[in-house]
Amino acid sequence: MENPQEKIGSLQRRGFWRDLQSLWQGLGLTWRHLFQARERRSPLHIADPNYFQQDTGVVTLTYPYESLPVPENGRYRLHNEIDDCIVCDLCAKICPVDCITIESVKATEEIGETSDGTKKRLYAPVFDIDLAKCCYCGLCTTVCPTDCLTMTKVYDFAEVDIKNMIYHFTDLTPEQAEEKKKLWADQQEAIAVAKAEAMKARQQQKGE
Amino acid sequence: MWALPLVLLLILGVVVIIFYAERKLSAFMQDRLGPMEAGPYGTLQFAADLLKLLQKEDIVPAAADKMLFKYAPLVIFASVLAGFAVIPLTPDLVPSGTPIGLFFLLAIVSLDVIGLLMAGWGSNNKYALLGAMRSVAQIVSYEIPAGLAILSVVIIGQSLDLQEISFQQGVHLQQFPGYAQEVNYLFGLKELGIDVTHVGGILSWNIVRVPLLSLGFIIYFIASLAECNRAPFDIPEAESELVAGFHVEYSGFRFATLFLAEYAMMLLVSLVAVILFLGSWNTPFPNMGPVRLADWTTGTLGAWSGNLWAFFWLVNKALVLMVVQVWLRWTFPRMRVDQLMHLCWKILTPAALVLVLIAAVWRLLMI
Ligand code: SF4
Ligand code: SF4
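Note that the protein sequences, when read in sequence, are chains A and B. Per the UniProt record's numbering, the very first residue in the first sequence carries number 1; after that it's consecutive. Per the UniProt record's numbering, the very first residue in the second sequence carries number 1; after that it's consecutive.
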């Protein structure tokens, strides 16, 4: 049995020839790599059986022209399927960096159903996610009751202007939003008028 | 008259080649790609870089010593350029064929350190000054082993004339004025009695003529790396650890000049190594019986063929050495300053001293 202590000692031993040998080995290493540069790794999916076999040659990918395929369930960019959103505001509340801005307008009646059968009663005139601030923690996607807020596998969404990193998901134009607000206000007014009249009628009845 | 433009052209041409090669080689050695976008395989990258440097603002710090600061790059480049004056490019073409060429070369190239100090002091920046001191300490130290290694060649060759040293290492030996009776023996030893004067090729190169000089070559080569601030001795610059050395305040064209001087220095030390140790402009192929390889690849002295072959061999040998410099740079980590001085004063200098001694004895055996 070799004494491990001795082995370490021999590794640490210094000496001119040993130094020379290791310098020479270093030169050999770079020289080998120089010639292996004739090979290039190809952009393989991680699931590919050859993924870990490409251990020689140039590893740099010429990125805009080629890129590594990402898994189907990659989670990079947020997407909101606004048709399924019930504007419950949960995502905005849980977001640690407050990058989701939601405004809501109540609808005069039920405006539809999400694909999982929840009733929708709110419009969202503003539903913005500032992906420049987002830290991609995924909390919002977890709390979303209707699973309409998801992360997609798109990872390349750099923008020249940072304002373009704010994603607008609303499906209402500003005019439509105004109209919905007015409809709600009118309805409230009508209810109030009706209530007042009913009150008056009751008081008159009492007075008689 | 036309030696200066020719030398400038040579420097620029070689710098372009080595600049591109350095990037590509370094990339390949580290499994990367190197320049790809500008021109086919990134060949126009140097032009793009040059344009970028030229259109940068020429900044002179307000508190700098303006004269020193502005003229330092000039002094550095001029001293390196002046070194080329005595380099024999071909048997016929040597810008200035002085009998004390080698001496002149060593002297004028040392002026470099004045330029470095000017740059460091003139910048009025403590980092620049420290960088300059480091560079100067390094260059002055390494001039000693380099000078001693060169001295051993001078002892063997008995000449300070670079052209004469060149002629000694090839088949044209007897054409040199006053050398009609000279004979090259194998390993320089007359006792062996093997006359290789007309065999030429690698057998008459100094490193084979006096095998001992291959040690001198190694010492000179290591020292020359330090002299031109190349890795693993590039602590004056150390771009990944320090801001930069003495040239931290320089921008634009002045910075480009400093870098050009560094690359010109690389070329100069390689040329000197080739001339002193690796047969100068002589072919590496020996004559073997009827196969007159040396004659075929040397051409006729004084004719076009002779000059072209000589230039071809000289530049290519220098390029090979420069590739080795690049190779070393991308293999070895940078040395610490104390390791640097240790190597210089405790290993290279004593070894070079012993070398000089043995060279003197060898010379006695040669006559
Ligand atoms: S992923 Fe996290 S940071 Fe981004 S919007 Fe959702 S909760 Fe906010
Ligand atoms: S948690 Fe889901 S349903 Fe609720 S507002 Fe956010 S995206 Fe819409």
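Derived by calculation from the structure, the hints in this document are not laboratory data. Misleading hints may appear alongside valid ones.
As the list claims (entries may be wrong) - Here are some, though not all, of the chain B residues that point toward chain A, as calculated from beta-carbon distances under 8 angstroms:
(1) Q30
(2) K126
(3) Y127
(4) L130
(5) D195
(6) V199
(7) V323
(8) W327
(9) W330
(10) T331
(11) F332
(12) M335
What the hints assert, rightly or not - Now the in silico label distances, taken between C-beta atoms and shown as ranges:
(13) L68(A) x I347(B): 29 to 39 angstroms
(14) G289(B) x Y63(A): 54 to 64 angstroms
(15) S251(B) x Y76(A): 55 to 65 angstroms
(16) F52(A) x K66(B): 15 to 25 angstroms
(17) L51(B) x W31(A): 55 to 65 angstroms
Where a beta carbon is used, it is the ideal one built from N, C-alpha and C, also for glycine.
Each hint tested on the structure:
1. A distance limit of 8 angstroms between C-beta atoms decides the matter here; for Q30(B) the minimum to chain A is near 7 angstroms, and the interface restraint holds.
2. Hint status for K126(B) relative to chain A: violated, with the closest Cβ pair at about 35 angstroms, above 8 angstroms.
3. Look at Y127(B): its Cβ only gets to about 31 angstroms from chain A, farther than 8 angstroms, so that hint breaks.
4. Residue-level restraint check for L130(B) is violated (minimum Cβ-Cβ distance to chain A is 29 angstroms; threshold 8 angstroms).
5. Residue-level restraint check for D195(B) is violated (minimum Cβ-Cβ distance to chain A is 36 angstroms; threshold 8 angstroms).
6. At its closest, the beta carbon of V199(B) sits 32 angstroms from a beta carbon of chain A; the interface hint therefore is violated under the 8 angstroms criterion.
7. Annotation: V323(B) was flagged as interfacial toward chain A, and the flag is violated, the nearest CB pair being 10 angstroms apart, outside 8 angstroms.
8. Hint status for W327(B) relative to chain A: holds, with the closest Cβ pair at about 6 angstroms, below 8 angstroms.
9. The beta carbon of W330(B) is positioned within 8 angstroms of a beta carbon in chain A (closest approach about 6 angstroms), and the interface hint is therefore held.
10. Because the beta carbon of T331(B) sits about 4 angstroms from the nearest beta carbon in chain A, less than 8 angstroms, this interface hint is met.
11. Given the 8 angstroms rule on beta carbons, the hint for F332(B) holds: about 6 angstroms separates it from the nearest Cβ of chain A.
12. Checking M335(B) against chain A by beta carbon gives a least distance of about 12 angstroms; that is not within 8 angstroms, so the hint is violated.
13. A beta carbon spacing of about 48 angstroms between L68(A) and I347(B) contradicts the range 29 to 39 angstroms that was offered as a hint.
14. Roughly 58 angstroms separates the CB atoms of G289(B) and Y63(A), a value that falls within the hinted 54 to 64 angstroms.
15. Between S251(B) and Y76(A) the C-beta distance comes to about 40 angstroms, which lies outside the given range of 55 to 65 angstroms.
16. The hint said 15 to 25 angstroms for the Cβ distance between F52(A) and K66(B), and at roughly 59 angstroms that hint is violated.
17. For L51(B) and W31(A), the hinted distance range of 55 to 65 angstroms is not satisfied, since their beta carbons lie about 34 angstroms from each other.
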